[in-house]
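On the provided structure of chain A, position chain B as indicated by the hints.
Protein sequence lines correspond, in order, to chains A and B.
Residues 1 to 638 in UniProt numbering are what the first sequence lists, from first letter to last.
Residues 1 to 537 in UniProt numbering are what the second sequence lists, from first letter to last.
Note that these hints are calculated values from the structure, not bench results.
Accuracy of the hints is not assured; some may be wrong.
[As the list claims (entries may be wrong)] Between beta-carbon pairs, the in silico distance windows are: (1) A:Ala17 <-> B:Pro24: 46 to 56 Å; (2) B:Glu471 <-> A:Arg28: 27 to 37 Å; (3) B:Ala202 <-> A:Val583: 24 to 34 Å; (4) A:Arg55 <-> B:Glu506: 30 to 40 Å; (5) A:Gly210 <-> B:Pro4: 52 to 62 Å; (6) A:Lys497 <-> B:Ala492: 44 to 54 Å; (7) B:Pro24 <-> A:Arg24: 41 to 51 Å; (8) A:Ala17 <-> B:Glu506: 34 to 44 Å.
For clarity, every value in this text was computed on a predicted model and none was experimentally measured.
For every residue, glycine included, the Cβ atom is placed at its ideal position computed from N, Cα and C.
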Amino acid sequence: MENLIGLLVAAPLLGAAVLLCGGRRLDRSGPWVGTLLAAVSFGLGVVLFADMLGRSGEDRTLTTTVFSWVPVGGFRADVGFQLDQLSMTFVLLITGVGTLIHLYSVGYMEHDERRRRFFGYLNLFLAAMLLLVVADNYLLLYVGWEGVGLASYLLIGFWQHKPSAATAAKKAFLVNRVGDMGLSVAIMLMFTTFGTFAFGPVLDGAEAAGEGKLTAIGLMLLLAACGKSAQVPLQSWLGDAMEGPTPVSALIHAATMVTAGVYLITRSGAVFDAAPTAQAAVVTVGAVTLLFGAIVGCAKDDIKKALAGSTMSQIGYMILAAGLGPVGYVFAIMHLVTHGFFKAGLFLGAGSVMHGMNDEVDMRRYGGLRKYMPVTFVTFGLGYLAIIGFPGLSGFFSKDKIIEAAFAKGGTEGWILGGAALLGAGITAFYMTRVMIMTFFGEPRWQPTASDSGSAAGSGAPHPHESPKTMTVPMVILAFGSVFAGGLFSINDTFLKWLEPVTGHAHGNPPVSALTVTAATMVVLVLGVALAWARYGRRPVPVTAPRGSGLTRAARRDLFQDDFNHVVLVRGGEHLTRSLVYVDHTLVDGVVNGTAASVGGLSGRMRRLQNGYARSYAVSMFGGAALLIAATLLMRAV
Amino acid sequence: MSFPLLTATAVVPAVGAVATAAVPAARRAAAKWLALGFSLATLVLAAVQLVRFDPDAAGPFQLTESHAWIKDFGVRYELGVDGIAVVLIALTALLIPFVMLAGWHDADPLEGSSPNRRWRPTQGFFALILMVEAMVVISFEATDVFLFYLFFEAMLIPMYFLIGGFGDRAGERSEEETAAQRSYAAVKFLLYNLAGGLIMMAAVIGLYAVTADQLGTGTFSLQEIVQARVDGRLELPPVTERALFLGFFFAFAVKAPLWPLHTWLPNAMGEATAPVAVLITAVVDKVGTFAMLRFCLQLFPGASKWATPVIVALALVSIVYGALLAVGQRDIKRLVAYASISHFGFIVLGIFAMTTQGQGGATLYMVNHGISTAALMLVAGFLISRRGSRLIADYGGVQKVAPVLAGTFLVGGLATLSLPGLAPFVSEFLVLVGTFSRYPAAGIIATVGIVLAALYVLVLYQRTMTGPVTEGVRGMPDLRVRELVVVAPLIALLLFLGVYPKPLTEIIDPAVGHTMSQVEKSDPKPDVPVNEAEAAK
Chain A
1 MENLIGLLVA APLLGAAVLL CGGRRLDRSG PWVGTLLAAV SFGLGVVLFA
51 DMLGRSGEDR TLTTTVFSWV PVGGFRADVG FQLDQLSMTF VLLITGVGTL
101 IHLYSVGYME HDERRRRFFG YLNLFLAAML LLVVADNYLL LYVGWEGVGL
151 ASYLLIGFWQ HKPSAATAAK KAFLVNRVGD MGLSVAIMLM FTTFGTFAFG
201 PVLDGAEAAG EGKLTAIGLM LLLAACGKSA QVPLQSWLGD AMEGPTPVSA
251 LIHAATMVTA GVYLITRSGA VFDAAPTAQA AVVTVGAVTL LFGAIVGCAK
301 DDIKKALAGS TMSQIGYMIL AAGLGPVGYV FAIMHLVTHG FFKAGLFLGA
351 GSVMHGMNDE VDMRRYGGLR KYMPVTFVTF GLGYLAIIGF PGLSGFFSKD
401 KIIEAAFAKG GTEGWILGGA ALLGAGITAF YMTRVMIMTF FGEPRWQPTA
451 SDSGSAAGSG APHPHESPKT MTVPMVILAF GSVFAGGLFS INDTFLKWLE
501 PVTGHAHGNP PVSALTVTAA TMVVLVLGVA LAWARYGRRP VPVTAPRGSG
551 LTRAARRDLF QDDFNHVVLV RGGEHLTRSL VYVDHTLVDG VVNGTAASVG
601 GLSGRMRRLQ NGYARSYAVS MFGGAALLIA ATLLMRAV
Chain B
1 MSFPLLTATA VVPAVGAVAT AAVPAARRAA AKWLALGFSL ATLVLAAVQL
51 VRFDPDAAGP FQLTESHAWI KDFGVRYELG VDGIAVVLIA LTALLIPFVM
101 LAGWHDADPL EGSSPNRRWR PTQGFFALIL MVEAMVVISF EATDVFLFYL
151 FFEAMLIPMY FLIGGFGDRA GERSEEETAA QRSYAAVKFL LYNLAGGLIM
201 MAAVIGLYAV TADQLGTGTF SLQEIVQARV DGRLELPPVT ERALFLGFFF
251 AFAVKAPLWP LHTWLPNAMG EATAPVAVLI TAVVDKVGTF AMLRFCLQLF
301 PGASKWATPV IVALALVSIV YGALLAVGQR DIKRLVAYAS ISHFGFIVLG
351 IFAMTTQGQG GATLYMVNHG ISTAALMLVA GFLISRRGSR LIADYGGVQK
401 VAPVLAGTFL VGGLATLSLP GLAPFVSEFL VLVGTFSRYP AAGIIATVGI
451 VLAALYVLVL YQRTMTGPVT EGVRGMPDLR VRELVVVAPL IALLLFLGVY
501 PKPLTEIIDP AVGHTMSQVE KSDPKPDVPV NEAEAAK
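This is chain A alone, in the form it adopts within the complex (with noise of 0.2 Å):
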């Protein structure tokens, strides 16, 4: 059994390394070639669950070691597996939502010259997120952690002659660089305080490090799951994502790497269960992305856009729920999977929407178009119950448990927590009967696209028409699961019982009843229908967007931070490096030439390389002198 952990991975790697370096030989058959991978994968995750589950819940988890790696005096990476309750939960979610994805790609990409490429790059990250999932020690997950954020690159940017999809595809990348960064210090963190960054030791002598380790490790841990799982204040990159084909938004951007965030965090569970300051940090940055996507999403018109401020403020939920510790993990990894389910779903909906629209995005041109497409329609519609956490439906289980458990806080911050996450379930309410109501009902918008794209169908008015079975399938079946996964989950607390083993499970005891929370969460789900009613269904959308309030347009422009980054971080960037070229140019380049022509009497030929500046080069000796004290010093006192 131990040996199909490694052959999980291998197939879609396989797949990826054929539809890449095979050539055009394989453009016709290339994407039945990945998705029949994708479902090979698939296959035997389904293998391993069934093993799973003929096993006692305590003793469920394969461990392998395939070889060592990096072996170099008392540092040991070895490629090995683990898989556990937790990994097999994300295993089936990656490979399910990835072979339905790859099929719906199979009908949505069938006209783009260049899909061969696509299905290898979708096959790569399926691989790569597998490895991230199933990796037993945090160096080996780092590989995966990159991997899946260069498919991500490589997807986002697919479309690469658009230069917004280019810059996009970087943003995305270089953003998650910077949450890279904290995993990689957070690894050299465990290796210094335990010699081992295997998941066991560290995980299981965890208490022995003391706090302020912990601390530091957790609080890196954090940073980068904000940059995989776009929180804040890394979040900038997700809007721009949705530059790629929404398949990939779909798989990549919504259901599985986005969540990769919520999965390091809770399989660190013990790191952060003995970081209280840590934990602290955690359940801010959730609180906050839940509301900070939830606000953007409700100004957005790009309907890709609306819904990856949706997935945003979503996994902001479950980023709260795993810093509440054993209280909350269980939900964390259930709205995880069930967001998995209709986020995916509604995804696809969008797709199917642009690919009858002539690819049009903006929801001001849509409207009425749930005569057009009923299958469409009625699986959107269904994941937007499930997202708005209607009686009965996924999210409805898995949403509300996060609220109970953010009252379970306790004291003024579980008010403060339950009440974002109260809000917060109003805000999406909102937002998501406004994109229902914008794209499914009124009165046609539909205008005539001057569309770039080249192809023939590209000009004109649209003639929306619903989409080939190949994307229709795979929304039907997300539908089923939008619709009955939560209360499969809830019966006889399966989930929780199925994961405990792993994550652990502590009881909260919030200091309202779970039923006034339910019925508070269906009070303000109530209100924000209404108010998404009142302002969109009553009267005619217009075409053009209106000027809007102070904060619509705040929030259509992400509440600014993306201003902030371009003034700050690319502007000042910018004159940093311009100015550092003509210092190296002039200076450094001076000092050293007029040194070595002073020193070594080399001056016949040295002087034709200066700028024949004595002040310049006083000036700028005294300088580099400087620095180099400075940092002589600063090196000293660490």
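Quick look at chain B alone, frame taken from chain A:
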């Protein structure tokens, strides 16, 4: 007497250089094949060295050869390799055939011109490359300080001619202008390195004087000096030791190159052809960092420890400064040059972190940087040869017309930014961890380098390869078979060593242990002793 394998590895390319130079002017094609043949023969000998080398054998050096040479001054012809040297020799021998293949047409007579019977730069180009190879190999092998010094300096001569004599086809610039800039770059290269060499020469003489004074007879033998120091027969006064150390280190820091002695590199790499740029940064410069490990640390352990804070600071400046400068470049080759400065910062940092991970990582870094820079720079060279411009702004949308070229360029770039799964990640992470465990703040500052690396690589890729196809790029042919033969093995190697670096770390590890024991340093212990036993399992 057994077969002198080390001598042979250096002599074969030297003979090849002479033979190539002697090929008649009209038989240019034959000269190329002859040179390639000799470089492949050297590769075979280097491979034999790797096979014959026993990582677990006792004693610092293997495959040793020792003969008296200049008896009056105690100069000996002493060769020997440790795990660090043998790996770097293999890297050198491996890269040279690729350098030659990539530069196959770099020294051809210009199209349309009919060279006269005496025109033979083609022979010269390939002979000079072989000459550099011979000298680099013997520098890695020499265990006599004087012998090392001799070839360390001598390799400047063929390099000078390679930089000054061969450049990119002029493109839009005039032939005179490029020639003038080339000559400027070559002179700058020569003067910088000569200045370093002169100071080192004083230190070499000083070392001889001290040994003559304390041991009775002067010697240049590394092993003898180290042994005398261990036995207590040789005790350098701290001031003397520090002065000698600085003399050596200065020369190596110019070669490496370390901030602020780096400014010759962007000029040299920018003006030289891409294969020669690879020769500079991937092969010749490695002698500098290698010599820090072999000579600075082993001859002057006390002074090395004394100078560590300053050198670590300089290495950090190199990492961040080099990367920031790379971001600001408008010229593709200069960008790669500044990226290399950043990478050399990592190598020096790893060496002077004085931990097993740091030094092992630094050695591995030398190998991986050689391969990754070769991949990136050679593809950049292929790109430049198609358009006749080094300016980033002259490109755009290459991905659309030449997808294979763009793909290999991206892989080279991803290796340069140390993507996990590719070889440089392993070495970079080892350097970071090794540094962090001794100097946490330095480790964290160096980690900033990974973000900056992503920035300069991805900006370069975005501006050249993505976006709409620009005018000069339209109709650009994709990689040719010869070019694929160069790039594909390098990429395969990057992947292989990223997944399975153990064959190299096994060879490097004992040598690093030896160096560490010379400077009397041991790795910091983890804070939580409970886990030690478990971690050791």
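Using the beta carbons of Pro24 of chain B and Arg24 of chain A, state whether their distance is inside 41 to 51 Å or not.
holds, 44 Å
Taking the beta carbons of Lys497 of chain A and Ala492 of chain B, is their distance inside 44 to 54 Å?
holds, 48 Å
Per the hint of 24 to 34 Å, is the separation of the Cβ atoms of Ala202 of chain B and Val583 of chain A within bounds?
holds, 31 Å
Does the beta carbon distance between Ala17 of chain A and Pro24 of chain B stay inside 46 to 56 Å, or does it fall outside?
holds, 47 Å
At the C-beta level, are Gly210 of chain A and Pro4 of chain B separated by a distance inside 52 to 62 Å?
Given about 58 Å between the Cβ atoms, the range holds.
For the hint 34 to 44 Å, verify it against the beta carbon of Ala17 of chain A and that of Glu506 of chain B.
For Glu506 of chain B against Ala17 of chain A, whose Cβ atoms are near 27 Å apart, the range 34 to 44 Å is violated.
If I claimed the Cβ atoms of Glu471 of chain B and Arg28 of chain A lie 27 to 37 Å apart, would that claim hold in this structure?
At 33 Å between Cβs, range holds.
Between Arg55 of chain A and Glu506 of chain B, does the C-beta distance stay in 30 to 40 Å?
Given a distance of about 38 Å, which is inside 30 to 40 Å, the answer is holds.
Comparing the model with each earlier hint shows a violation of hint 8 alone; every other hint is respected.
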